[in-house]
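Start from the sequences and build out the full structure, keeping to the hints where you can.
Protein sequences appear in the order of chains A and B.
Mapping to numbering that gives the first Met the number 0: the first sequence position 406 is 405, numbers consecutive.
Mapping to numbering that gives the first Met the number 0: the second sequence position 218 is 217, numbers consecutive.
There may be inaccurate statements among the hints.
What the hints assert, rightly or not - Simulated DEER-style distance windows between Cβ atoms:
1) B:Lys68 - A:Glu489: 46 to 54 angstroms
2) A:Pro417 - B:Asp142: 38 to 46 angstroms
3) B:Glu50 - A:Lys386: 45 to 53 angstroms
4) A:Arg283 - B:Asn3: 53 to 61 angstroms
5) B:Lys68 - A:Asp293: 45 to 53 angstroms
6) B:Asn3 - A:Asp293: 46 to 54 angstroms
Stated by the list, open to error - One-sided and incomplete, this derived list gives chain A residues near chain B with beta-carbon spacing under 8 angstroms:
7) Pro297
8) Ala299
9) Gly300
10) Gly303
11) Glu306
12) Asp310
13) Leu332
14) His333
15) Leu352
16) Gln355
17) Glu357
18) Ala364
19) Val367
20) Met370
21) Ile383
22) Leu389
Source of the hints: derived by calculation from the structure; they are not laboratory data.
Since the model is a prediction, treat every value here as computed from it, not as a measurement.
Every residue, glycine too, gets a C-beta built ideally from N, C-alpha and C.
One-letter residues, chain by chain:
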Amino acid sequence: MKKSIRFRAGAGKKAICSILFLIGTFLAASVVGYLFRRIGFDETNIVLVYLLAVLATAWFTHSFVFGVLSSFLATFLFSYIFAQPEFTFLVDDANNYIVTFVIMTLTALITSALTSHARQSECAARVKEAQTKAIYALTNRLTGAKDMDDIAGAAVASISACFSCQAACLCFDSTGMPQRSFVQQVSSDLQVHRKLEENQQEYKDALEAVAPNCLKGKEFYDWPILGKETILGVIRIPSVAQVDGTGERLLRAMIEGTALAMDRHWSARQQMQFREETAKERYRSNLLRAISHDLRTPLAGIIGSCEMLLDMTDTGSPQYAIAADMHKETIWLHSLVENILSLTRLQDGSLSLSKQVEAVEEIIAGAVRRMAKRAPECIIHVDIPEKLILVPMDAKLIEQVLINLLSNAVLHANVKDPVDIIVSENTAEKTVQFVVQDRGVGIVEEDLPHIFEMFYTRGRGHADAGQGIGLGLAICETIVQAHGGKIIAENRKDGPGARFTFTLPVEE
Amino acid sequence: MERNKPLILVVEDDRQIQKFICYALESEGYPYITAGTGQEAISRLMSEHAEIMLLDLGLPDYDGLSIIKKVRQWSDIPILVVSARDQDREKAAALDSGADDYLTKPFSTTELLARIRVALRHLQKIGAGNTQAVLQVGGLQIDLERRLVHLDGVQIHVTPMEYSLLALLFRHMGKVLTTAFIIKEIWGPAYGTDTQALRALMAGLRRKIEKDHARPRYILTEVGVGYRLADE
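As structure tokens, then:
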């Protein structure tokens, strides 16, 4: 963009120029007419000279007003100077001259109207072309821009060249706050950084208040660059370089182009960040899964070995107690590893739900039976409607939810206190509600919001890891949510104890 | 070792679990042979007269399913599948392709020996021709000839469908029957895999024979796999 296009009005200057031109042209035309008269040419030629002057005026001034003015001036001058008798408005051959005057005036009017119209459209086309070129050039530069600074640089360079001023650009960062400095174009090939004087927050608020219009300061007009959601930056134009209607439209178009480029840049960056995070997350869960997978088989082996040891030793001996502890801890470790495996599978989507229509009573019975095997001393009360309830679900996973909740209850309650499972159907909401509640110590109030978080255990930092089930509740939440259900944890209102409630939709 | 007990083939690649299984078998006086790979399992099965096969689904060379299919081409040997917890679908597939029962790791010696006893009883019944017309589990009795069901000595009325279901379970007493297998047997192969009718049928039957349907005594649900008629 070497060529600079001026859009500044200078309307007064232009008018004076036009008047001077008008006077000069008609003076010349009159002189030429006078010479023609002396030479002895016909009057018709003098009329044609005046028409030429009208045409020239309309062409030069682009203005219909000057065209009309010059048309009447031509007839007036002709009648005054050349029509017989000369230098009076009186005419001898009135009828003849009137026809001449009328035709001359009409011809002059039509000529000037056509000419000025043609000139005006030509001018408009040129302006439009220049604008298109300017925007095209800016777009080109923006396409090549690699980062926000590049975009800002391209924008200020194009805008400065277009409006012959020292435009500046301030970008907003990813948090939506203005950066500390502007990029300013000081000459055609030099850009400098200029500090933002205003307070960032106040400045942002002020801009937001006026957007999408410009913020008018004493020295500068600040145009916000509006993105899809927020302000992405500011274009600062010196107030002396203020632009007229056409110019403002161009400026807005250029700012819009810059906004598009910035939006594109941000969304590309966001996408990249998202991809990176996903990759990291996947790597983490793959690692976790690989470790868990490798731990599982030896753990199952150790459990077996412990059982062998238990079988070989006397129940009263200290060795038996040690082996029993080992056995218990290893079983816990094994279930933790299994939990990690199911959780990572569920979360990265590699374990898809295989839903079938299942009878709720069968799932409860399955969970109770497995619990009885695992903790034979615990007492479980089941309260389930006599009516058959069918729910589409992945039976194994929902059984797992129940087992995790039951294990949790057994872990935190006295063995002698029963754990309740209560099932009820809500026909209005088309859901089935499962409640697992215990008579234990309940949940510490501050733990309640975090209870379903991964690796959150009651009383963090407690050395006895066996006291928490860590992942169990996180798995419950993941499974229930994957079924389109909800799970909540609360303390019982009817005395001590915790209550976990989850609901499953009856229809898919 | 007593020679009248059947020879058991243990196919397991993890040495510790293999040791544990063998220890359990030894304690009950079962003779056994071992194999660490699918290839070895097939060749040992061909060379020695094993009567029960314990098969881990996660072998290094073959996947469990293809071994079951291969073995089933020429042998009716009871196959007990050993699997990890997240192999439920493979477990059901293994049962459908001919395995007789399954164990989920980690299991106890008690569980292992109980499953082996069930498999042996089947073996004996097949050997004896299994012509018994009246079968009984606890207080539940079925007369396959006269199509009658008694609970604690009192005759109970069951619908023809419920009777077919119960008879099917009795014929495979102690064995896990997959939902797919039961649906195929009762409704025919054209019925598809919709479980809803089976769940409803099962619920109706249970309400007639079980005192507490949250803790069934006779028909146990193997969640995600199928049903089993308890025989102990």
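Checked hints:
In this structure, Lys68 (chain B) and Glu489 (chain A) meet the distance hint of 46 to 54 angstroms, their C-beta atoms being roughly 51 angstroms apart. The supplied range of 38 to 46 angstroms is met by Pro417 (chain A) and Asp142 (chain B), whose beta-carbon atoms lie about 40 angstroms from each other. The hint said 45 to 53 angstroms for the Cβ distance between Glu50 (chain B) and Lys386 (chain A), and at roughly 46 angstroms that hint holds. Checked against the hint of 53 to 61 angstroms, the C-beta distance between Arg283 (chain A) and Asn3 (chain B) comes to roughly 56 angstroms, which is consistent with it.
Checking the proposed 45 to 53 angstroms range against Lys68 (chain B) and Asp293 (chain A) shows it is violated: the Cβ atoms sit about 29 angstroms from each other. Separated by about 42 angstroms at the C-beta atoms, Asn3 (chain B) and Asp293 (chain A) break the suggested range of 46 to 54 angstroms. The beta carbon of Pro297 (chain A) is positioned within 8 angstroms of a beta carbon in chain B (closest approach about 7 angstroms), and the interface hint is therefore held. The interface hint given for Ala299 (chain A) is met, as the beta carbon of that residue sits about 4 angstroms from the closest beta carbon of chain B, less than 8 angstroms.
With a least beta-carbon distance of about 3 angstroms to chain B, the hint placing Gly300 (chain A) at the interface is held under the 8 angstroms criterion. For Gly303 (chain A), the suggested interface contact is upheld, since its CB lies about 3 angstroms from the closest CB of chain B, less than 8 angstroms. Nearest Cβ of chain B to the Cβ of Glu306 (chain A): about 6 angstroms, under the 8 angstroms cut. The hint holds. Residue-level restraint check for Asp310 (chain A) holds (minimum Cβ-Cβ distance to chain B is 7 angstroms; threshold 8 angstroms).
At its closest, the beta carbon of Leu332 (chain A) sits 11 angstroms from a beta carbon of chain B; the interface hint therefore is violated under the 8 angstroms criterion. Nearest Cβ of chain B to the Cβ of His333 (chain A): about 6 angstroms, under the 8 angstroms cut. The hint holds. The interface hint given for Leu352 (chain A) is violated, since its Cβ lies 12 angstroms from the closest Cβ of chain B, which is over the 8 angstroms cut-off. Taking 8 angstroms as the C-beta contact cut-off toward chain B, the hint placing Gln355 (chain A) at the interface holds, the least distance being around 5 angstroms.
At about 6 angstroms, the closest approach between the beta carbon of Glu357 (chain A) and any beta carbon in chain B falls short of 8 angstroms, and the interface hint on this residue holds. Residue-level restraint check for Ala364 (chain A) holds (minimum Cβ-Cβ distance to chain B is 5 angstroms; threshold 8 angstroms). Restraint check, Val367 (chain A) versus chain B: the minimum CB separation of about 6 angstroms is within 8 angstroms; hint holds. The interface hint given for Met370 (chain A) is violated, since its Cβ lies 11 angstroms from the closest Cβ of chain B, which is over the 8 angstroms cut-off.
Interface restraint check for Ile383 (chain A): the shortest CB-CB distance to chain B comes to about 6 angstroms, inside 8 angstroms, so the restraint holds. The beta carbon of Leu389 (chain A) is positioned within 8 angstroms of a beta carbon in chain B (closest approach about 6 angstroms), and the interface hint is therefore held.
Going through the hint list in order, the structure does not satisfy hints 5, 6, 13, 15, 20.
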